[in-house]
Amino acid sequence: MTMATESAAFDGGPPAPAGSYLTAGRGIASWLLTRDHKRIALLYMVTLTLFFVIGGVSAALVRLELVTPQGDLLSADGYNQAFTLHGIVMVWFFLVPLIPVSLGNFLLPLMIGAKDLAFPRLNLFSWYLNAGAGLLVIYALVAGGIDTGWTFYTPFSTVYSNSHVFLAAVAVFVAGFSTIATALNFVVTIHLLRAPGLTWFRLPLFVWALYATSLMMLLATPVLAMVLVLIALERVAGIPIFDPAQGGDPLLFQHLFWFYSHPAVYIMILPAMGVVTELLTCFARRRVFGYRFMVYALLGIAAVGFLVWGHHMFTSGQAAYASVIFSMLSFLVAVPSAIKVFNWTATFYRGSIRFTSGMLYGLGFVGLFTMGGLTGLFLAAIPIDIHVHDTAFIVAHFHYIMVGAVVTAFYGGLHFWWPKITGRLYPEGWARFAAILMFFGFNLTFFPQFILGYLGMPRRYHSYPAEFQVWQVLSSGGSAVLALAYLLPMAYLAWSLVWGRRAGANPWGAAGLEWRAASPPPEHNFTDEPVVDGPPYDYHPQGGPT
Amino acid sequence: MSSRPDSIRPDSIRADSIRAGHFPDLPRQRLAGELGMWVFLATEILFFGGLFTGYAVYRLQYPDAVTEAARHTDVLLGSVNTFLLLTSSLLVALAVACQDRPGLRLCRLFLGGAIALGLGFLAVKAVEYHADLAEGLVPWPGSSLPPGPQRLFFAFYWAMTGVHAVHMTVGIALLGWMFRDLRARPKLMRGTARLEVAGLYWHFVDAVWIFLYPLLYLVGRAQ
Amino acid sequence: MTDLPLFPEAASAVAERTDLLFLILLAFAGAITLLVAALITLFSIRYRQGVRRDRGPLPKVLRREVELGWTLATLFLAVIIFVWAVVQDLGFLKPPDEALEIEVLAKQWMWKVRHPQGVREINSLHVPRGRDVLLHLNSRDVIHSFYLPAFRVKQDVVPGRSTALWFRAERAGRFRLFCAEYCGTSHSQMTGEVVVLEPEAYARWLAARPSDDGLAAEGRALFVGLGCAGCHLPANGVQAPALAGLPGRPVRLADGRIVQADRRYLSDAILRPRAEVVAGYRPIMPSYAEVLSEGELSALLAYLETLGGQPAGGAAGRDITGGEDR
Chain A
5 MTMATESAAF DGGPPAPAGS YLTAGRGIAS WLLTRDHKRI ALLYMVTLTL
55 FFVIGGVSAA LVRLELVTPQ GDLLSADGYN QAFTLHGIVM VWFFLVPLIP
105 VSLGNFLLPL MIGAKDLAFP RLNLFSWYLN AGAGLLVIYA LVAGGIDTGW
155 TFYTPFSTVY SNSHVFLAAV AVFVAGFSTI ATALNFVVTI HLLRAPGLTW
205 FRLPLFVWAL YATSLMMLLA TPVLAMVLVL IALERVAGIP IFDPAQGGDP
255 LLFQHLFWFY SHPAVYIMIL PAMGVVTELL TCFARRRVFG YRFMVYALLG
305 IAAVGFLVWG HHMFTSGQAA YASVIFSMLS FLVAVPSAIK VFNWTATFYR
355 GSIRFTSGML YGLGFVGLFT MGGLTGLFLA AIPIDIHVHD TAFIVAHFHY
405 IMVGAVVTAF YGGLHFWWPK ITGRLYPEGW ARFAAILMFF GFNLTFFPQF
455 ILGYLGMPRR YHSYPAEFQV WQVLSSGGSA VLALAYLLPM AYLAWSLVWG
505 RRAGANPWGA AGLEWRAASP PPEHNFTDEP VVDGPPYDYH PQGGPT
Chain B
720 MSSRPDSIRP DSIRADSIRA GHFPDLPRQR LAGELGMWVF LATEILFFGG
770 LFTGYAVYRL QYPDAVTEAA RHTDVLLGSV NTFLLLTSSL LVALAVACQD
820 RPGLRLCRLF LGGAIALGLG FLAVKAVEYH ADLAEGLVPW PGSSLPPGPQ
870 RLFFAFYWAM TGVHAVHMTV GIALLGWMFR DLRARPKLMR GTARLEVAGL
920 YWHFVDAVWI FLYPLLYLVG RAQ
Chain C
508 MTDLPLFPEA ASAVAERTDL LFLILLAFAG AITLLVAALI TLFSIRYRQG
558 VRRDRGPLPK VLRREVELGW TLATLFLAVI IFVWAVVQDL GFLKPPDEAL
608 EIEVLAKQWM WKVRHPQGVR EINSLHVPRG RDVLLHLNSR DVIHSFYLPA
658 FRVKQDVVPG RSTALWFRAE RAGRFRLFCA EYCGTSHSQM TGEVVVLEPE
708 AYARWLAARP SDDGLAAEGR ALFVGLGCAG CHLPANGVQA PALAGLPGRP
758 VRLADGRIVQ ADRRYLSDAI LRPRAEVVAG YRPIMPSYAE VLSEGELSAL
808 LAYLETLGGQ PAGGAAGRDI TGGEDR
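Chains as they are written, first to last, in our numbering: chain A, 5 to 550; chain B, 720 to 942; chain C, 508 to 833.
Honestly, the hints are just simulated from the structure, not real lab data. Honestly, I wouldn't trust all of these hints.
To be verified - The calculated lysine to any residue pairs, modelled on SDA-like cross-linking and capped at a C-alpha distance of 25 angstroms, are: (1) A:K119 with B:P746; (2) C:K567 with A:A236; (3) A:K119 with B:L745; (4) C:K601 with B:Q780; (5) C:K614 with A:G82; (6) B:K844 with B:V882; (7) C:K601 with A:A323; (8) C:K619 with A:A249; (9) C:K614 with A:G321; (10) C:K567 with A:G321; (11) C:K614 with A:V299; (12) C:K601 with A:Y325; (13) C:K601 with C:E523; (14) C:K567 with A:D542; (15) B:K844 with A:A236; (16) C:K614 with A:R239.
What the hints assert, rightly or not - With the C-beta cut set under 7 angstroms, the calculated list includes, among others, these residues of chain C facing chain A: (17) L546; (18) S551; (19) E574; (20) A592; (21) V593; (22) Q595; (23) L600; (24) I650; (25) S695; (26) Y788.
Unchecked claim - Some but not every residue of chain B turned toward chain C, in silico, with C-beta under 10 angstroms: (27) A845; (28) P865; (29) G867.
Backbone N, C-alpha and C fix where the C-beta goes; we use that ideal spot for every residue, glycine too.
Please take these sequences and the hints and turn them into a complete structure.
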């Protein structure tokens, strides 16, 4: 019975295997020159944590400033730089790479039974690109900051801003290159390095999600790269591609920018969906409901995601009929999104549900994604969007998706695979507490912003009319709770590295190839080459096909 | 095509010595290299796609100014460069085709020719840039062009040819690297898809020019 | 204002329709959220670990029908909401006929309003209640966005193109005006108010404001702000002709012609400065065609008119009028 094996796994657990990837080489050089995807994933986790802290501190400054209606804590320029830094660091150096480069990098080869990614050196190189680009941004911050907002709208960014736009553009360009390299590596790996018997429709949904994400990264990021090149050229060489003084069109910039930046949202959310599917199926002991539909929904979101960028421009003066088409396509995104939510819900039916911390994070994700997704419908409706565009409503909406859902899923995945990554178990009670705190802290921070936005509170305001203050204070208070919920796991996970109980190869009784490897895995992942002979999520006690 | 795994004669190479350990077999490794480059080229198309989109938008918005401005580009030098680049692509294709012949001399000869033509392209481009600067055919302050869309055309001229020239430089470096390895590591070159992958990149850079040439040099020459 | 505002005041016809759409979507979204929450709670309790339940596989037919069912239901609902939202939106596509047309110029960081009778105001907009108002929006520098929350309308103001926004205020009162598109340091100061007056009160207000007051003053501000003064003030060197007393006088050009410095000449000299260069000066003045709006050009010309008196002589402002040179 599953029950028996589970409890056995929970109680005991063998000692750590002798030769794990963590002990395969010693010294700092063995890490900085490693080609092992697992070690590179850990390198990424270090830099991601750094960027998370920088982005978080700048967010805290913004929230503190907004406690009072007057602009009193920061100067206007200081405030503008704080939210710009927050946006640039969080979008390009934290959320876009977050799950693919950390969990994805670590788990993709393990989940498909491969020894490594197809191009291990390229993998290491992309970490250096990412870290180097991050250093550039930090340098720009120290050298005086950037004040354009993360969206770099022209002609403000090209002609009027007196801040380090060039440095920021170069940094994001390089980070984009790193993203492309990782995505290319994932695509080739998934195509060519699957274990014998692991057909496309036997892949775990996390792998499918990484595949769909990689395709989006490959097709969207280059357009952003070109936009950044053009901005940099205009700043440095005076090449006036978007300059209205020469007849250039600022809306052309917005079209090109959102052609990347809308898919970027799906680049963030698709891997999170993949992670959550692994969590929910494992702790509901149930095969995912409608596996093929889940795959098609992922690919559907990836495809339609490329066709909806114009909904960021309903108030920009773009042609009215273009807006209508973009509105319709945006409504269509609801269909694959709804398939995902309903299928996760239906996966619970006839399950055997355990409320572990991983499950709680997964549930938190479903809740936040549902609310974020449904508010997306409001924004797809042109009349409502015209009212709430560029207000706190938009801020709340995309934070529900990009931060609430994605970061919750990341924490869930981190808890789920922590025993695999480190070979240790963490204190489960603390983990459950943090998961619940995160959900409520997030809602307390961002739900008031929906109300603020519909009331008409514009975003990126250093000072604001006094009637909005109550909601702003609530939001700032919530952000303190949220910060605590984000920091708490870092504390007990660090604690577990030394004092945590040792985990066996498969502490959760999970299906999936990665659990066949030791915890932590040896340098080349598997001692025996795995062979796959059945569908994923083989959780049903009866075993038969569902 | 040389991507056929069976074109590698087992007696000429020892598969294991060049196979990376995480690939199950050599054909799969070859395929990975080729697929990787194709995927990368797809991103490159999107990269240049941003520029082409911008060009198309302004061309539709200011048709007269664009044709007027395009008459200022040097069609002779542009055509010479088109010829140089197309020929170099042919040489790269020939080099890849004779990669499996017993001696690699011919292969190196073709590749060396392609590199020389690539350098020739850059030299011609430099001459052309020099003349453009002298004539003030620039979009930035100090231009001899009237303010407005004509300068936008030259903004695209400089951005497009500049980004293309950067790609040319990378391509020449890549071909140079292969040129060296054909002598230094012939087994590696024959056993893997490296030369073909480098060639793919070169053909792509060539293909981009095939689009740039009419957009920048031939527009407005019809009348 | 109450202490805890939940819903914004609505002062236009658009606002009421937008709110209706919003509330219905809210009910819909709330229902879906509750449904998902209820199902998850129900399953979580019923199928929690350790409870004896039927956990067998589902029949294939059921799975397919359920899946198709909610896919199609979502699609159906999405299309309905889309159509409804678009129908409402399309109703506002065409600007109303016979609207009161007002020019709005956005610049870092203020809103400058010009009424058809020439009345001007800054960071406030007076409109009559119950009449269609059509705003023509232009930006002098970066992108701004004209946002009236109480009217549920917003329109970006994009440099290099003119955009339009229309509304009909249904309630008298004072309502907030925000810049909604981030535009630099003092973005959050780029605010103002819309004052909706009863039609008679509006007429009185218009009449009380002297028209074109400050047109020349605005021109003077532009003269300084755009850097004209840097070259054209006699104190600032000899690169450019002095302008005092210029309007109406003859000017000798570099090609030998003599033209009258009338309105046509002066505006051409500002918009296409290299076409008719004054004799003795290099053609170094940049064009202001892309910088100035029609209204600003008028303001500059009005300012030049006020610079009466004799053309200044002396070191800095060499005389450029044709008469004396002969």
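Cross-check of the supplied hints:
Note on A:K119 and B:P746: the hinted pairing holds, with a Cα-Cα distance of about 17 angstroms set against a maximum of 25 angstroms. Straight-line distance between C-alpha atoms of C:K567 and A:A236 comes to about 57 angstroms, which puts the hinted pair past the 25 angstroms bound. Of the supplied pair hints, the one linking A:K119 and B:L745 holds, its CA atoms being roughly 15 angstroms apart against a limit of 25 angstroms. Our distance criterion of 25 angstroms between C-alpha atoms is met by C:K601 and B:Q780, whose separation comes to about 23 angstroms.
For the given pair, C:K614 sits about 21 angstroms from A:G82 by alpha-carbon distance, which is consistent with the 25 angstroms threshold. The straight-line distance between the Cα atoms of B:K844 and B:V882 is roughly 12 angstroms, inside the 25 angstroms bound, and the hint therefore holds. Under the criterion of a C-alpha separation no larger than 25 angstroms, the hint pairing C:K601 with A:A323 is consistent with the structure, at around 12 angstroms. For the proposed pair C:K619 and A:A249, the alpha carbon gap of about 21 angstroms is at most 25 angstroms, so the pair holds.
A distance of roughly 18 angstroms separates the Cα atoms of C:K614 and A:G321; the hinted pair therefore holds under the 25 angstroms criterion. A C-alpha spacing of about 50 angstroms is found between C:K567 and A:G321, which places the hinted pair above 25 angstroms, so the restraint is violated. Of the supplied pair hints, the one linking C:K614 and A:V299 is violated, its CA atoms being roughly 49 angstroms apart against a limit of 25 angstroms. Proposed proximity of C:K601 and A:Y325 is supported: the alpha carbons are some 12 angstroms apart, at most 25 angstroms.
Between C:K601 and C:E523 the CA atoms are separated by roughly 19 angstroms; this keeps the pair inside 25 angstroms, and the hint holds. A hinted pair counts as satisfied when its Cα atoms are at most 25 angstroms apart, and C:K567 with A:D542 qualifies at roughly 17 angstroms. Proposed proximity of B:K844 and A:A236 is supported: the alpha carbons are some 22 angstroms apart, at most 25 angstroms. For a cut-off of 25 angstroms, the pair hint linking C:K614 to A:R239 stands: about 21 angstroms separates their Cα positions.
Residue-level restraint check for C:L546 holds (minimum Cβ-Cβ distance to chain A is 5 angstroms; threshold 7 angstroms). Annotation: interface hint on C:S551 holds; nearest CB of chain A at approximately 6 angstroms, less than 7 angstroms. For C:E574, the interface hint holds, since its Cβ comes within 7 angstroms of a Cβ in chain A; the closest pair sits about 5 angstroms apart. At a threshold of 7 angstroms, the smallest CB-CB gap from C:A592 to chain A is about 4 angstroms, leaving the interface hint in force.
Because the smallest distance between the Cβ of C:V593 and any Cβ of chain A comes to about 6 angstroms, under 7 angstroms, the interface hint for this residue holds. A hinted interface residue such as C:Q595 counts as satisfied when its beta carbon comes closer than 7 angstroms to some beta carbon of chain A; here the least separation is about 5 angstroms, so the hint holds. Interface hint status for C:L600: upheld, as the beta-carbon distance to the closest one in chain A is roughly 5 angstroms, under 7 angstroms. Because the beta carbon of C:I650 sits about 6 angstroms from the nearest beta carbon in chain A, less than 7 angstroms, this interface hint is met.
Of the supplied interface hints, the one on C:S695 holds, with its beta-carbon coming within about 4 angstroms of a beta-carbon of chain A, less than 7 angstroms. Evaluation of the C:Y788 hint against chain A yields a violated restraint, the C-beta minimum of about 23 angstroms exceeding 7 angstroms. With its C-beta approaching chain C no nearer than about 31 angstroms, B:A845 sits outside the 10 angstroms limit, and its interface hint is violated. Checking B:P865 against chain C by beta carbon gives a least distance of about 9 angstroms; that is within 10 angstroms, so the hint holds.
For the restraint placing B:G867 at the interface with chain C, the shortest Cβ-Cβ distance is roughly 8 angstroms, inside the 10 angstroms limit, so the hint holds.
The structure is inconsistent with the numbered hints 2, 10, 11, 26 and 27, although it conforms to all the rest.
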